[in-house]
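Asker: Each chain, written out:
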Amino acid sequence: MSATAESIRLNLTPAVRYVLRVADTALIHAQRLAEWCGHGPVLEEDIALTNMALDLLGQARALLTHAARLEGQGLDEDQLAFLRDERHFFNLTLVEQPMRRSSAHAPGGDFADTVLRNFLLAAWFKALWSGLMLSNDLTLAAIAAKAQEETRYHLQHAGDWVVRLGDGTEESAARVRAALQRAWPYTQEMFVDDAVDADAAASGLGPARSSLCVGWDAEVAAVFGAVGLAVPPATPFLSTGTLGRHSEHLGFMLAEMQVLQRQHPGGRW
Amino acid sequence: MSEASQEWPLWEVFVRPQPGLDHKHCGSLHAADAKMAVQLAREVYTRRQEGTSVWVVKSSDITASDPADKAMYFDPMEDKVYRHPSFYELPESVNHM
Chain A
154 MSATAESIRL NLTPAVRYVL RVADTALIHA QRLAEWCGHG PVLEEDIALT NMALDLLGQA
214 RALLTHAARL EGQGLDEDQL AFLRDERHFF NLTLVEQPMR RSSAHAPGGD FADTVLRNFL
274 LAAWFKALWS GLMLSNDLTL AAIAAKAQEE TRYHLQHAGD WVVRLGDGTE ESAARVRAAL
334 QRAWPYTQEM FVDDAVDADA AASGLGPARS SLCVGWDAEV AAVFGAVGLA VPPATPFLST
394 GTLGRHSEHL GFMLAEMQVL QRQHPGGRW
Chain B
69 MSEASQEWPL WEVFVRPQPG LDHKHCGSLH AADAKMAVQL AREVYTRRQE GTSVWVVKSS
129 DITASDPADK AMYFDPMEDK VYRHPSFYEL PESVNHM
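Going down the list, the sequences are from chains A and B. Our numbering puts the first residue of the first sequence at 154, with every later residue one more than the last. Our numbering puts the first residue of the second sequence at 69, with every later residue one more than the last.
Heads up, a few of these hints could be off.
What the hints assert, rightly or not - Far from chain A, some chain B residues (derived; all Cβ distances over 12 Å):
1) 86
2) 92
3) 94
4) 125
5) 129
6) 133
7) 136
As the list claims (entries may be wrong) - With a Cα cut of at most 25 Å, we get these calculated PhoX-like pairs of lysine-lysine:
8) A/299 - B/103
9) B/103 - B/92
10) B/103 - A/279
11) A/299 - A/279
Everything labelled a hint here was simulated from the structure, so no lab data went into it. On a predicted model such as this, the values are computed, not experimentally measured, just so you know. Backbone N, C-alpha and C fix where the C-beta goes; we use that ideal spot for every residue, glycine too.
Next comes chain B alone, as it looks inside the complex:
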C-alpha cells in the first residue's frame, strides 16, 4: 500500500485463546506504537473470537536462537528417551494430563 508500512515497526502478536491457556504466537503486524499494535492485533487476529487477551512485543526485542546452531542446540536430545516421563504408570484420575 504505502511507505508507512515500511516505516512503522514490526510487532509480534500473542493471543490467549481461552482463560487458563497460554498466550500463543499467532503472527505479526506493523504499528506506530504499542497501544496501536494492541488495537490492530485485535482487528487482525481476534476478529473471529479467537482470543480473550492479547500481548504484543516489538519484533526487534526478541532474541532468537541462531538457525546455524540448530544441530548443536536441539539434535542431542533426539536419543534421550529417558527424559520423557513415559515409563511411569499414571493413576486413572490423572490420565488426562
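If we strip away everything but chain A, and leave its shape as in the complex, we get:
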C-alpha cells in the first residue's frame, strides 16, 4: 500500500470560497442522498432519490473543477473532493445532517426528513442558479443553466412529497411538522451574507445569499400554504458550515467518503 495522501492546502480567494460553498453543498447533499441507494421505501423512489443524488454529484463535479481552475494550483475535482480537511469544506450545515434513514439495522428513521430537506434545498438552489445564470463568469453561468433544469425537477418531486405527506394522514402530517422543526434552524445560514457574498455580488460573480430569500420564500409559501404547514419561529441559532465550522456529522461523512483516495492516492477504478 502506498503512503496516505496528505491534505491539500488551497489558496482561498473570495471567489474560490464562493464557488466552493455551492460545490460543497451539492457534493455533501449528494453524498447524504446516496445513502438511500438500495434502501428506498419503494423501488421507484429508490431510483428517484439516487438519480437526484447523481444530478447533484454532477453539479458538484463541474463546480469543483471550476473552483480548481480559479484556485490556480492545477488541482482537479477529485483532489478537491477527497483531499480537503473538514475545515476546508464550506457547505451549508443542513446538508451534512444525518438522513434519519430507516434500514434493516437502523429502524425508526423518517422519510419526511429527506423529503423536507430536499424541498428546502431545491428551492434554495433554484434561487441560486437563477442568480448564477447571470454571472459574468461564463463557465459558472453555463453550469447554473444546466443545473437549473435538474433542480426544477428536484423541487417538483420534493414539493409533491411535502404536499402528499402534509395532506395525507394525521401521522404523515405530524411527521412533516416534526421534520420541519428539526430542519428549520439550519435554514438561516442559507440567507446570511458575509464578506464572500459581498465580494461576489460586487464583482458580478454571483448573488449574495441574502438575495435568495425572496424567491425561496415564495416557493416555500406556495407548498406550505397548500397543506397548512406553518413556518416555525426564527431562532438565534446560526450554523457556520459555510465558514468551515461544521456540526459533528461532517467529519464522519468525510472519513467514509475520502478513505479510498486517502489510502490509495490517485487510485482509479
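Based on the hints, put chain B in the right spot on chain A.
Answerer: Just chain B now, kept in the frame of chain A:
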C-alpha cells in the same frame, strides 16, 4: 421493500423515443397517482435519454384480448398473404417506407 409497493396501483408506461415516432410501451411501475407515475416513469425509463415524452395509463384501465382467444383472433390471418401490399412495384422515391 415495504407493503407500499403493494398498495400503490400499477401503471403502464409509454415512451416516445424521438419526435415523430409513436409512444411505445416500455414497462410498468407502482405510483400513488398519475402525476407521481409520470415523474417516476421519467426516473425509471428515461434516465439514459430514451425519451422525449411519457404517457402513463393505469394498468387496470387497459382492456386486453384473452390469451384463450389467440387462435380465433390471430391465426386466421396466417394464410392471407394477399393482404400484404407486397405485389406492387414502388417508385424508387418511396422505397424506404
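Asker: Failing hints, ascending?
Answerer: none
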